[in-house]
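Asks: Given the sequences, and given the hints that come with them, work out the whole structure.
Line by line, the protein sequences are chains A and B.
Sequential numbering from 226 applies to the first sequence in our numbering.
Sequential numbering from 39 applies to the second sequence in our numbering.
Read the hints as simulated data drawn from the structure, not as lab findings.
We put the beta carbon where it would ideally sit given N, CA and C, even for glycine.
Where hints are given, some of them may not hold.
Unchecked claim - Each pair of labels, with its calculated beta carbon distance range: (1) A:His441 - B:Arg230: 49 to 59 Å; (2) A:Asp550 - B:Ala236: 19 to 29 Å; (3) A:Met226 - B:Val155: 28 to 38 Å; (4) A:Tyr297 - B:Asp154: 55 to 65 Å; (5) B:Val83 - A:Asp550: 53 to 63 Å; (6) B:Arg261 - A:Arg543: 20 to 30 Å; (7) A:Gln295 - B:Ala236: 51 to 61 Å; (8) A:Gln295 - B:Gly59: 40 to 50 Å; (9) B:Gln133 - A:Tyr457: 42 to 52 Å; (10) B:Glu148 - A:Glu560: 57 to 67 Å.
Said to hold, decoys possible - Computed from the model, here is a short list of chain B residues facing chain A with C-beta under 10 Å: (11) Asp175; (12) Val186; (13) Glu192; (14) Pro194; (15) Glu196; (16) Ile201; (17) His204; (18) Gly209; (19) Glu253; (20) Pro255.
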Amino acid sequence: MRLLVIGLDCVPPEFVFERFAMPHLRALMRRGSYGPLESVVPPITVPAWACMMTGRDPGALGIYGFRNRQDYTYEGLGIANSTSVREPAIWDRLSATGRQVILVGVPPSFPPRPVNGVMVSCFLTPSAKSEYTHPATLKPELEARFGEYLFDVADFRTDDKAALLRRVFAVSEQKFAIVRHLMTTRPWDFCMFVDMGPDRLHHGFWKYWDPAHVKHEPGNPFLRAFPEYYAYLDEQIGALLEVVGDDVAVLVVSDHGAKRMDGAICVNEWLRREGYLTLRNPPQGIQRLAPSMVDWSKTVAWGEGGYYSRIVLNVKGREPEGIVDGGAYERLRDELIQGLERLGDEQGRPIGTRVYRPEELYPVRRNIPPDLITIFGDLSWRSAGSVGFEQVWTHENDTGPDDANHAQYGMFTAAGLPLPPGELSGMRLLDVAPLLSRFFGLNGAE
Amino acid sequence: MEGFTVWFTGLPSSGKSTLAGLLSDALRRRGLAVELLDGDEVRTVLTRGLGFSREDRDENIRRIAWVAKVLTRNGVVAITAAISPYRAARDHARQAIGRFVEVYVACPVEVCIQRDVKGLYARALRGEIEQFTGVSDPYEEPLQPEVVVRTDVESPEEGLQRIVGHLERGGFLAPGMTNVRVPTYLVEQLRRVWGDGAFEARLGEALAAQAAAVEEPLHEAEREEVLARLRSLGYVD
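Replies: Next comes the structure, spelled out in structure tokens:
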């Protein structure tokens, strides 16, 4: 009873099921089942993979994004790491029952945690100098064979797109090669890795490929980057499946999908204009919002930038200089929800923004959740946290170019797992851990 | 709110009533008007006197479909849980009702026989009941059901989650309800499935494990390296 999990960050169902020629993946689909996979809110790499492998939602994990409030100060944002996940993942439970595991790059996995087997940490590893393997002896073995470990695509914001594209391919190539090496040199029952290549490709190259993108340039040299990358990915998958043979169950899965990005909503700019956020001085050009810039005695709420926006209220008795009375908290949240959901694009056309109270999404909320979670324009818009924009909308990312955002639905293809054959609708990312538990016969709460 | 019909179909003892009951509770909790038409109950009132010949079975389904259609038309969620063994009858119901979701409750007949909730398989196998679906009468599997729940390998809660997921994505349930979870209900379920004692014990274990785990932040220099990467990738700004 063995299982290989091929994690492809950010791959939307339509790419692999319909759009791009992927013969090896199609063969796998014919052998088993496949379909869209509904991600969590927010559909972001961290916490999505951790949710998938623990079966717990972001609230239960207390991980609401890459960065999480550590306390109620204005500065206390920590970065999630492997120790932030305090629920057992499927490999913890397998390790505990004597099964052997191979894990490569499943976020968040730095620092690497002890497992019954081997673990190589993910793109959240500080640098190649860090201790990024369990056991520690694996690091020199990998470096001797594959050179420096490529955690991620370096220098992502470069203007040299040709070199960037080569680096995307190189990261994927090394990831698959390391996994092939480990699979053929270690005993294993469960092998899982996550390739970040697709995500980096989407964010870096969407506009070149998609004629509907606002910044698409006809005849650009990267028109074929997407189909070529996906064909390459399929070859890599094929080579891996050849190694494992047909008696091993296989799950190819993504943590969320991807879609074209239409622009960004400057959330703090909006809050400022609506009177919820007051700065000590008018911003000088576009500036990242720093706590020292804010006049907290006149500020009701502030927001975070990213693929979605977290909004925090400045609550009396909770934040150091809070001004929102407990009694006004719900009224203000309602007001913000209405205002943000009403906000359309530059032409005033509705974009379908959804603002959630965390308690609507998560029955249990550990650590410190934001007060509101905002998904702008069904993820066709991102959130820009900087201030000093001329208006509330921008088509320039405040942290550099970015062509794509995440989408709520990822994909899965499974062969050999206890699922009905053929196309399945209704699978959720949170169904994966219970499914794998069933496959391995793990008892207990899932 | 527009009505719709969720039509459960499957062998006797496959789990239709269980799932239909769970779905009905879940939708009522969302404030929807729900009517559950359970096959056994329907046969005591609406289709009383009908037998199990092909003709009578078709008539049974025709009447259930008609009621479901009227309910659906009036903004109610109609949930039907009848064996409805014949594809043609189900397809007719689908056509008549329009807003229709077919859920195939799939379970191997051997497992259904083991369960034999009402002791009917045993009687059918002894020859005491004629025309018993799965034993002496055919069951025609749906060709394109909207949802398939495998009750031999999936728990009722997992099945329910997938059905609700389909209803949400299909636009049958109001947007904005997508990720609503019902913790008290799950707690009740776990208490039922595990028993009170085991539930408390497991909860205790989970809490102890949670308390023992300590989150260790990255060192300052590591944190800066990772933050710079996240910024460059656009995850944070």
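Asks: State for each hint whether it applies.
Replies: Do the hints match the structure? See the list:
His441 of chain A and Arg230 of chain B have their C-beta atoms about 55 Å apart, which keeps the hinted 49 to 59 Å range intact. For Asp550 of chain A and Ala236 of chain B, the Cβ-Cβ distance of about 44 Å falls outside the hinted range of 19 to 29 Å, so the restraint is violated. Distance hint for Met226 of chain A and Val155 of chain B: a CB-CB separation of about 31 Å, consistent with the stated range 28 to 38 Å. For the pair Tyr297 of chain A and Asp154 of chain B, the beta carbons lie near 58 Å from each other, so the given range of 55 to 65 Å is met.
Checked against the hint of 53 to 63 Å, the C-beta distance between Val83 of chain B and Asp550 of chain A comes to roughly 57 Å, which is consistent with it. Taken as a hint, the range 20 to 30 Å holds for the pair Arg261 of chain B and Arg543 of chain A, whose Cβ atoms sit roughly 25 Å apart. Taking the beta carbon of each, Gln295 of chain A and Ala236 of chain B are about 35 Å apart, not inside 51 to 61 Å as hinted. The hinted range of 40 to 50 Å is satisfied by Gln295 of chain A and Gly59 of chain B, whose Cβ atoms lie roughly 44 Å apart.
Taking the beta carbon of each, Gln133 of chain B and Tyr457 of chain A are about 46 Å apart, inside 42 to 52 Å as hinted. For Glu148 of chain B and Glu560 of chain A, the Cβ-Cβ distance of about 59 Å falls inside the hinted range of 57 to 67 Å, so the restraint holds. Nearest Cβ of chain A to the Cβ of Asp175 of chain B: about 24 Å, over the 10 Å cut. The hint is violated. Given hint, Val186 of chain B at the interface with chain A, holds; its Cβ is 5 Å from that chain's nearest Cβ, closer than 10 Å.
For Glu192 of chain B, the interface hint holds, the least distance from its beta-carbon to any beta-carbon of chain A being 8 Å, beneath 10 Å. Annotation: interface hint on Pro194 of chain B violated; nearest CB of chain A at approximately 13 Å, more than 10 Å. Given hint, Glu196 of chain B at the interface with chain A, holds; its Cβ is 6 Å from that chain's nearest Cβ, closer than 10 Å. Below 10 Å, beta-carbon pairs count as interface contacts, and Ile201 of chain B has one with chain A at about 7 Å; its hint therefore holds.
Of the supplied interface hints, the one on His204 of chain B holds, with its beta-carbon coming within about 4 Å of a beta-carbon of chain A, less than 10 Å. Proximity of Gly209 of chain B to chain A is violated relative to the hint, the smallest CB-CB distance being about 13 Å (cut-off 10 Å). Taken as an interface hint, Glu253 of chain B checks out: its beta carbon lies about 5 Å from the nearest beta carbon of chain A, inside 10 Å. Because the closest C-beta pair between Pro255 of chain B and chain A is about 5 Å apart, less than 10 Å, the hint holds.
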